[in-house]
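Enquirer: Could you put the whole structure together from the sequences, leaning on the hints where they help?
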Amino acid sequence: MRAEGVDLSLERDSGRPTGVMFLERRTADISRAFYYRQGSAGSGISRADLEQPLADGARILHLTGITPALSAHALDAVAFAAEMAAASGMMVSLDVNFRSKLWTREAARAVLAPLTRHAAVVIASDDELDLLSRRPRGADAAGAIAAELLERGVRDVVVKLGARGADAYTEDGMSHVDAVSVEAVDTVGAGDAFVAGYLSALLDGGDVAVRLRRGAVLGAFAVSTAGDWEGLPRRDEVGLLESLAPGGTDR
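Counted from 1, the sequence shown has number 210 at position 210 by my numbering; the numbering is strictly sequential.
In silico SDA-like cross-links for lysine to any residue, where the CA-CA straight-line distance does not exceed 25 Å:
id, residue 1, residue 2
1, Lys101, Tyr36
2, Lys101, Thr18
3, Lys101, Ala226
4, Lys101, Ser133
5, Lys101, Val188
6, Lys101, Pro17
7, Lys101, Ser43
8, Lys101, Arg134
9, Lys101, Ser40
10, Lys101, Ile30
11, Lys101, Thr27
12, Lys101, Val20
13, Lys101, Gly19
14, Lys101, Asp76
15, Lys101, His73
16, Lys101, Gly42
17, Lys101, Ile66
18, Lys101, Leu23
19, Lys101, Gly162
DEER-style ranges, computed between Cβ atoms:
id, residue 1, residue 2, range
20, Gly44, Arg99, 16 to 24 Å
21, Gly5, Ala48, 20 to 28 Å
22, Asp56, Pro114, 19 to 27 Å
23, Gly162, Ser243, 16 to 24 Å
Just so you know, these hints were derived from the structure itself, not from any lab.
Built from N, CA and C at the ideal position, the CB exists for glycine as well.
Expert: The structure is reproduced here in C-alpha cells:
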C-alpha cells in the first residue's frame, strides 16, 4: 500500500486483530469468500477516528455498504462521515457492495437507503439497487428506483450490469456503456475497478459518457488479469484498452 502512495499514518489498535478475508477459487467459474472481521480493528472505527480526516478535506468521500455491516460502531461512523462530508460540501459516493455473509438484505436496506440522502453518487449492481428503496425487484424497477434517488438529491445513479456493461441515470436521462470485450481471467474486483474508473473520470471533469467508458476500461483490466487490484492500470496505461472501449449511448 505504501508503494502505491497510500497514506498509512493511521492509528493502531493494540487490542483487536486485523480483519481477514480469504477467497477460495473453487473452480474456474466459482469463487467463495470467507470473512473473519468480527471484533477486528476495522470494526472498531468510530466518529473520533474520522473527525480530523474529514476536517482535512477531500474532493470525494467514498463509502461502501461493507463498512456499516461490520459493527454498530462502524455503522455510526459511516453515518457520521456521510452527514459531515455532505454538510461541508464534500462529494459523497456510496457503493452498495452488499455482502450477504455480513448482514441481511433488510438490515442493509434499513441502513443504506437513509444514507443516500447525503450522496451525490450512488453505485449499485442491478441486483442491489432495490436495497436503496422499498420498491420490489423487477426487470423494470431500475429506472423507477433511479428516479426516486434523483428526487432525493442524488446526482448520478450508476447501475453495474456485469458483462452487459453499465447504466448511469442523471437529470439529463439515462446513458449506457457496453462492457469492453476481453478474455476473462478473474472477475473478483471488477466492480470496484469500475467504480475507481468512474470516480477518477468524475474528478477529471469528464461527462457521464467519459465516466462510464473509463469505468468499463478499468473493469476490463480487472477481469482480464489475476487478482482483485494487481492488474489495474496506472494513468498512462489506461489507453492500452481504451481503444477497445465502446463509446456509450444516451437514452
